[in-house]
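S.K.: Construct the complete structure from the given sequences, taking the supplied hints into account.
Protein sequence lines correspond, in order, to chains X and D. Quick note: the first sequence uses numbering that gives the first Met the number 0, first residue 0, plus one each step. Quick note: the second sequence uses numbering that gives the first Met the number 0, first residue 0, plus one each step.
No lab work stands behind these hints, which were simulated from the structure alone. From the three backbone atoms N, C-alpha and C, an ideal C-beta is built for every residue, glycine too. Some hints could be false.
Stated by the list, open to error - With a cut-off of at most 25 Å between alpha-carbon atoms, the simulated BS3-like pairs for lysine-lysine come out as follows:
no.	chain 1	residue 1	chain 2	residue 2
1	X	K265	D	K41
2	D	K129	D	K61
3	D	K3	D	K41
4	D	K184	D	K41
5	D	K184	X	K265
6	D	K129	X	K265
Said to hold, decoys possible - What follows is a set of in silico ranges between Cβ atoms, one per label pair, in the way DEER data are often shown:
no.	chain 1	residue 1	chain 2	residue 2	range
7	X	G239	D	Y24	18 to 26 Å
8	D	Y51	X	A259	48 to 56 Å
9	X	R246	D	T96	30 to 38 Å
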Amino acid sequence: MAASATTHGGSGGQNYGRLFVILWIGISVVATPLTTIVLGRNIPPGNGSTEATSQVLDNQVLLAVSTPIAVFVLLFLGFALTVFRARGPELVDGPPVRGDSRIQILWLVVTTTTVLFLAAFGTFELFDAAGAGAGQGPSPAFLPDKHASALDVQVIAQQWEFTYRYPGSGGVETPHLVLPAHTLIRLHVTSLDVVHSFWAYELGVKADANPGTDNVVYVTTNGPRSFHIRCAELCGLWHGYMFDTGRVVPAAQFASWTTAQQATFKPVQQYLPPYATTYLPDPQRRAG
Amino acid sequence: MGPKGMRVGGVVLGVALVTAVLVIYIASYLVGNTPAVRATTKPGSPRDVSLYIQTVAAVGPKLAPHPDWVSYLIRDHGRWVRSTVWTLPANATVHVTILNYDGASGLRNPFLGQPQGLVGPELVDGKEIKAFPPGQPSHTFAVPELGILVPVAPVADDAKNPCDVAPCTMAQAHRTITFTFKTGKKGHYRWQCFVPCAAGYIQGFGGPMQTIGYMDGFLNVV
Numbered sequence: 000m001a002a003s004a005t006t007h008g009g010s011g012g013q014n015y016g017r018l019f020v021i022l023w024i025g026i027s028v029v030a031t032p033l034t035t036i037v038l039g040r041n042i043p044p045g046n047g048s049t050e051a052t053s054q055v056l057d058n059q060v061l062l063a064v065s066t067p068i069a070v071f072v073l074l075f076l077g078f079a080l081t082v083f084r085a086r087g088p089e090l091v092d093g094p095p096v097r098g099d100s101r102i103q104i105l106w107l108v109v110t111t112t113t114v115l116f117l118a119a120f121g122t123f124e125l126f127d128a129a130g131a132g133a134g135q136g137p138s139p140a141f142l143p144d145k146h147a148s149a150l151d152v153q154v155i156a157q158q159w160e161f162t163y164r165y166p167g168s169g170g171v172e173t174p175h176l177v178l179p180a181h182t183l184i185r186l187h188v189t190s191l192d193v194v195h196s197f198w199a200y201e202l203g204v205k206a207d208a209n210p211g212t213d214n215v216v217y218v219t220t221n222g223p224r225s226f227h228i229r230c231a232e233l234c235g236l237w238h239g240y241m242f243d244t245g246r247v248v249p250a251a252q253f254a255s256w257t258t259a260q261q262a263t264f265k266p267v268q269q270y271l272p273p274y275a276t277t278y279l280p281d282p283q284r285r286a287g
Numbered sequence: 000m001g002p003k004g005m006r007v008g009g010v011v012l013g014v015a016l017v018t019a020v021l022v023i024y025i026a027s028y029l030v031g032n033t034p035a036v037r038a039t040t041k042p043g044s045p046r047d048v049s050l051y052i053q054t055v056a057a058v059g060p061k062l063a064p065h066p067d068w069v070s071y072l073i074r075d076h077g078r079w080v081r082s083t084v085w086t087l088p089a090n091a092t093v094h095v096t097i098l099n100y101d102g103a104s105g106l107r108n109p110f111l112g113q114p115q116g117l118v119g120p121e122l123v124d125g126k127e128i129k130a131f132p133p134g135q136p137s138h139t140f141a142v143p144e145l146g147i148l149v150p151v152a153p154v155a156d157d158a159k160n161p162c163d164v165a166p167c168t169m170a171q172a173h174r175t176i177t178f179t180f181k182t183g184k185k186g187h188y189r190w191q192c193f194v195p196c197a198a199g200y201i202q203g204f205g206g207p208m209q210t211i212g213y214m215d216g217f218l219n220v221v
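M.R.: Quick look at the structure:
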């Protein structure tokens, strides 16, 4: 296709290959910094955590790689619509397309290099960001520094609400998620019924909540803020209403909040099962 | 109009008809054909309203197309109707009475056994309840967005004169649950039961638990 563009394209048999390459490079040189730096700063999910900041960088790199590709495709489309279109009343076959080994090799080298670079970069980022905010199952492969001292918080999904348990605060369970600022958190995500997905948007956290499974996520919070929580797995009638707002608060405020929660939910504390990474609830007299 | 135009018109009409049927079917499934019921207002106090509710193990053939489904009913103009879409005024105090005629099912998450988000206590047969053991509640009335959770006390398994099919009467075995909450700002808030009480359905959360008009619905706060 590219061979025909460079050697046969256009009215009058002009060589548009050079013009195409010059335009492509010129537009890419201008567009890539614009999209990467200007647009890239506002790319989701923001900077609510170290992992979220890392995801913004990942998205910026993806933008930087994909912008020249998008420019190439759009420019070629523009050439096809304007320069290479058939004119005149007579419809005739175009010139035959012949292979060009140089272009084929160049195509293979460029695409292979691009894909391998992205694979290597993505793998490095998974290691570097300790899982990049994704659920890693019960035995995480990517561990952050000082992971042994991380604050454990459990996320319990059920149709159709998330509740949260703090094993370091007497196993108190709460209806809302509050986390201390600038702290490494180890989230244990599980479900009591069907498959849900815990998505803390601005923290860059997304992890499936499977019944009987402890899905571990590491996240390091940044400064105080609120963040959106949603279920990201279709889980029944009220899936769309399975949302909440979480908060990251200063460490001292977090301590007083957990103390207050312990007092508020003291009556039900006696009925909670001992803290465990998963629960297989019973009784379910009617449930199958 | 030529034959080509007729064909195109026929296809357009057919697609429109099929789309309309699908939309009506899905919409009627989601709302369960239940009309919204307005809360009873105290004379002279438009921001002080009451809801009078009944929970039953089987709704019966007179009130629903699924007679054996567990359901909520609401008192509207002196009669029990099957509706779970209730209209309430904003920034109002809502006094709720639930007559529960159903037995225990048990909570999957024991944490949901403690009343939350109420003005004052939850009373069961006039007595304050701080928290239920997880095996006890029949149902819950929960509005997650408003932070409201009310576990519903069960009728004993060996109670005399139980009610099998709705609507049930005061002479039949029941528990009376009363509580008060505030509505806050205008909005469209879903409510649901958290007890897996849908007998015969996977995880106890199918059928009436996922059909508006039975064990879940909306509070239209206007």
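S.K.: Next step is simple, just say for each hint if it's right about the structure.
M.R.: Taking the hints in turn, this is what the structure says about them:
no. : hint                         : result
1   : K265(X) / K41(D)             : violated, 36 Å
2   : K129(D) / K61(D)             : violated, 37 Å
3   : K3(D) / K41(D)               : violated, 65 Å
4   : K184(D) / K41(D)             : holds, 20 Å
5   : K184(D) / K265(X)            : violated, 30 Å
6   : K129(D) / K265(X)            : holds, 9 Å
7   : G239(X) / Y24(D): 18 to 26 Å : holds, 19 Å
8   : Y51(D) / A259(X): 48 to 56 Å : violated, 35 Å
9   : R246(X) / T96(D): 30 to 38 Å : holds, 35 Å
In this structure, the earlier hints numbered 1, 2, 3, 5 and 8 are contradicted, and the remaining ones agree with it.
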